[in-house]
Structures are given as C-alpha cells and as structure tokens.
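Construct the complete structure from the given sequences, taking the supplied hints into account.
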Amino acid sequence: MKIELIVNGEQCEADVWEGESLLYALRERLGLYGSKNACEQGECGSCSVLLDGSLVCACLVLAAQAEGHEVVTVEGLADANGLHPVQEAFVETGAVQCGFCTPGLVVATTELLRQNPDPSDDEIREALSGNLCRCTGYTKIFDAVRLAAQRA
Amino acid sequence: MDVLTPRSLDEALRLRAAHPDALPIQGGTDLMVDLNFDRRRPEALLNLNEVAELKGWSRENGVVRLGAGLTYTDAMSAKLAALLPAFSEASRTVGSPQIRNRGTIGGNLGTASPAGDALPPLLISECEVELQSVRGERRLALESFLIGPKRNALAPDELILAVRVRGGLGTQTFMKVGPRNAMVIAVVSLALGVDRERGVLSAAFGSAAPVATLVTAALDDVDSFPEQVAAAASPIDDVRGTGAYRRHALRVLVARALERCLTR
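Order-wise, the sequence lines are chains A and B.
Last residue of the first sequence: number 152 in the working numbering, and the count goes up by one each step with no gaps.
Last residue of the second sequence: number 264 in the working numbering, and the count goes up by one each step with no gaps.
Note that these hints are calculated values from the structure, not bench results.
None of these values were measured; they are calculated from a predicted model.
Just so you know, not all the hints are guaranteed correct.
As the list claims (entries may be wrong) - Okay, the calculated bits of chain A under chain B, using three or more residues with CB under 8 angstroms as the criterion:
{"#": "1", "segment": "36 to 43"}
{"#": "2", "segment": "50 to 60"}
{"#": "3", "segment": "123 to 130"}
Stated by the list, open to error - Computed Cβ-Cβ distance ranges for the label pairs, DEER-style:
{"#": "4", "chain 1": "A", "residue 1": "D52", "chain 2": "B", "residue 2": "E137", "range": "25 to 35 angstroms"}
{"#": "5", "chain 1": "A", "residue 1": "Q41", "chain 2": "B", "residue 2": "I147", "range": "24 to 34 angstroms"}
{"#": "6", "chain 1": "B", "residue 1": "K150", "chain 2": "A", "residue 2": "Y33", "range": "32 to 42 angstroms"}
Backbone N, C-alpha and C define an ideal beta-carbon position, used for all residues, glycine too.
Set out below in structure tokens:
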C-alpha cells in the first residue's frame with residue numbers, strides 16, 4: 001500500500017507492506033538509516049523518533065498509522081548551520097562509544113529539553129529510561145544532557 | 001493483509017461488523033511486537049488512531065469516563081492524578097516515555113494480560129467497560145470483562161469505547177515489583193484503596209492470578225487484609241518469578257500500601 005507522510009519537513013510517499021513498522025519504512029523505503037533497528041519490541045529506544053511531536057519507538061508504530069502524520073528522525077535535527085546543540089553536546093562530552101544508541105538518545109534528549117529546559121538528574125533518568133546504552137554506563141550521556149541544557 | 005483506517009466511530013463500528021477478523025490496533029505497543037516477530041499474521045488490522053471519539057476523558061457526577069484511546073501519558077496529567085491517584089501512579093510505571101506516549105487504556109483492556117498495569121487501579125475504582133457494536137451499546141463490570149489470561153468478553157463485532165470509573169474514592173496507591181523502575185512487566189502489582197467514608201478496603205492485584213483480581217474487606221479488617229489478599233492469589237512460576245515469591249511479595253505490598261494510605 002502507498003502511504004503519504006511528512007518526514008523531517010518534507011512530504012514523502014512510501015510503498016509499504018501493510019504489516020510493517022514505521023521503522024522499517026523509514027530505513028528500508030525512505031533510506032533514513034539514522035533510526036536504528038535493534039530489539040523491535042520497544043525495549044531499547046534506538047529507533048526513537050517524534051511522531052506529531054511525541055516521542056515514540058518507530059518499531060511499535062504501524063507504518064500505515066503514520067499516514068497523514070508528521071515524523072522527525074535524528075536526520076531532521078541538524079540544520080544548515082550545523083549540528084543540533086544536543087548533538088554537539090554528545091560529541092563534546094564523549095557520550096558516544098559504539099554509537100548505536102546515540103540517535104535514539106539524541107532524539108529523546110531533544111524532546112526532554114523541549115518539555116523541560118532545566119531537568120534534574122532524576123528527571124533526566126526518567127526521560128531517558130526507555131533508551132538503553134551498553135557502552136558508556138550513562139555517565140557521559142548525563143554530562144551531555146546537562147551541557148545541552150546549560151547552553152539552551 | 002489489509003489495513004482499515006476509519007475516520008469516525010460509526011465507520012469503525014461498520015468496519016468491525018463487516019471484518020470481524022480484523023484486529024483492532026491503537027498504540028500498537030503490544031500488537032506490533034507480535035507482528036515484528038512474526039507471531040501473528042491477522043487478515044487485517046483495524047487502525048483506531050483516527051477515531052476522535054475514542055480520545056480524551058470527561059467527568060460527570062463523580063464518574064470519570066476514560067476514552068479507550070487515552071494514553072498513559074494522558075493518564076499522568078495532574079487533573080486525572082487528583083481524581084484517580086492509583087490509576088495515574090500505575091500509568092507512570094508503564095514502560096518508558098516512548099511506550100506511555102503510545103500505549104492506551106483500551107489496548108490494555110483489549111490485550112487483557114494478567115500483568116496489565118491499568119487493570120488493578122481500574123478494578124478498585126468500580127470500573128465499567130463501555131462496549132459498542134452496530135447492534136448497540138452494553139456495559140460490563142471490568143471483573144466480568146476479564147475472563148482469562150489474554151482473554152476478554154469482547155464480541156467479534158464490538159469495540160471498547162471507554163471505561164467508567166468512580167473518582168475520588170478515598171486514598172489510593174499503586175505498587176509494582178520488577179527488576180528496575182522502567183520497562184518492567186510486573187512480577188506482581190497492586191492497587192489499594194482506603195475509603196473511610198464507606199468503610200471499605202479494596203485491593204486489586206496483577207500478575208498473581210489468571211486475571212487481575214479484586215478483593216474487598218471492611219475497614220476494620222486492616223490487620224488481616226494482607227493475608228486475605230495473598231490468599232486470593234493463585235500465582236504461577238514463570239520466567240519473571242515464582243508463585244511463592246509472588247504471594248509473599250503481595251502480602252508485603254498490601255501491608256506497605258495500607259501503611260501509606262492510612263498515614264496520608
């Protein structure tokens with residue numbers, strides 16, 4: 001089936017299988033490989049995207065449900081002026097090791113800071129509880145979130 | 001496979017009647033896992049995301065009506081937390097922000113898992129389920145709607161419209177045991193209410209019987225209530241915990257929840 005949706009501000013059309021996830025459509029139909037495919041059950045958060053401004057796991061959204069809606073992926077955060085401040089903070093603090101979880105964490109952090117520009121550590125922990133990182137031990141990720149918040 | 005996407009409740013009910021094999025999908029947090037892992041291949045999916053009538057909540061004469069499309073994030077709002085504290089606390093323990101933004105109350109009832117986090121707090125709030133089909137509407141007590149593990153009383157042509165619960169029923173709380181504070185399927189869960197006005201204690205537990213189960217007692221029974229609730233459980237051993245642990249944990253949770261509610 002054909003679906004039409006807005007991805008990172010651009011009107012897109014994708015030919016999808018009826019049972020496939022938004023994640024599969026983004027990666028395999030639209031060539032947006034930033035959102036990662038790992039657990040496929042909403043556990044790891046590496047496919048986090050914004051659907052109509054709300055943070056979701058793209059693996060748990062039926063692609064057909066995104067018809068007529070607006071999706072922002074990690075590719076949509078940077079603009080002509082360069083990286084998004086959250087991306088810069090991740091780079092500067094060394095919050096990236098293997099990098100697989102990074103896109104999901106960057107999207108989740110962006111949404112956290114939009115809702116709460118000055119989060120406490122507990123609030124950061126809660127907001128990122130759906131994003132797993134198996135390398136960093138989260139310390140540098142917390143540093144990145146705090147740095148991005150400071151600069152915002 | 002087909003995807004049917006109705007734009008109104010009337011259209012949804014007509015499609016449901018014409019395609020009883022079409023599986024309703026709301027937030028997809030349960031169903032998409034089954035699709036991704038090839039565990040289910042339904043003939044069709046009935047996408048309820050665009051049905052505005054299922055969204056939101058309202059209040060009338062002390063009864064709170066929660067639309068089937070209400071998300072856990074919606075349920076955490078300060079207004080609902082004041083009316084239905086245990087339900088709002090339980091919603092905070094569901095999955096992660098990503099899951100709470102998509103998962104819905106209607107989906108929790110449709111899946112009817114013994115571990116469904118919304119079910120115990122709804123049970124202690126005199127919950128009725130509103131079901132509708134092209135034949136008409138009916139209401140069922142939540143206790144009658146839940147008929148077995150992952151089984152409910154929904155007819156093949158019916159949709160879950162909403163649940164109705166009584167707001168402001170005394171002091172309430174929710175507790176859940178699991179290996180961490182997020183992304184947890186309950187090893188055991190408990191919603192407890194102390195209604196001093198009517199002299200009633202109510203407890204409902206999850207993951208400790210084939211269905212989420214309600215136990216009530218008189219306010220005077222405070223001392224024996226933890227034992228009464230534990231005795232009403234019929235927990236099994238599984239990957240998440242043993243039956244013996246679950247029964248023990250339930251007894252401890254009831255005692256703690258009583259303390260929390262009685263000292264508030």
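Here is how each hint holds up against the structure:
Here the segment 36 to 43 of chain A counts 4 residues with a CB under 8 angstroms from a CB of chain B, which clears the bar of 3, and the coverage holds. With 6 residues having a beta carbon nearer than 8 angstroms to a beta carbon of chain B, the segment 50 to 60 of chain A meets the requirement of three or more and the stated coverage holds. Proximity of the segment 123 to 130 of chain A to chain B, defined as three or more residues with a beta carbon under 8 angstroms from a beta carbon of that chain, is established by the 4 residues found. Taking the beta carbon of each, D52/A and E137/B are about 30 angstroms apart, inside 25 to 35 angstroms as hinted.
Range check, Q41/A to I147/B: Cβ separation about 26 angstroms, and the 24 to 34 angstroms hint holds. Hint check: K150/B to Y33/A, Cβ distance near 35 angstroms, so the stated range 32 to 42 angstroms holds.
This entry satisfies every hint, going by the numbered hints stated previously.
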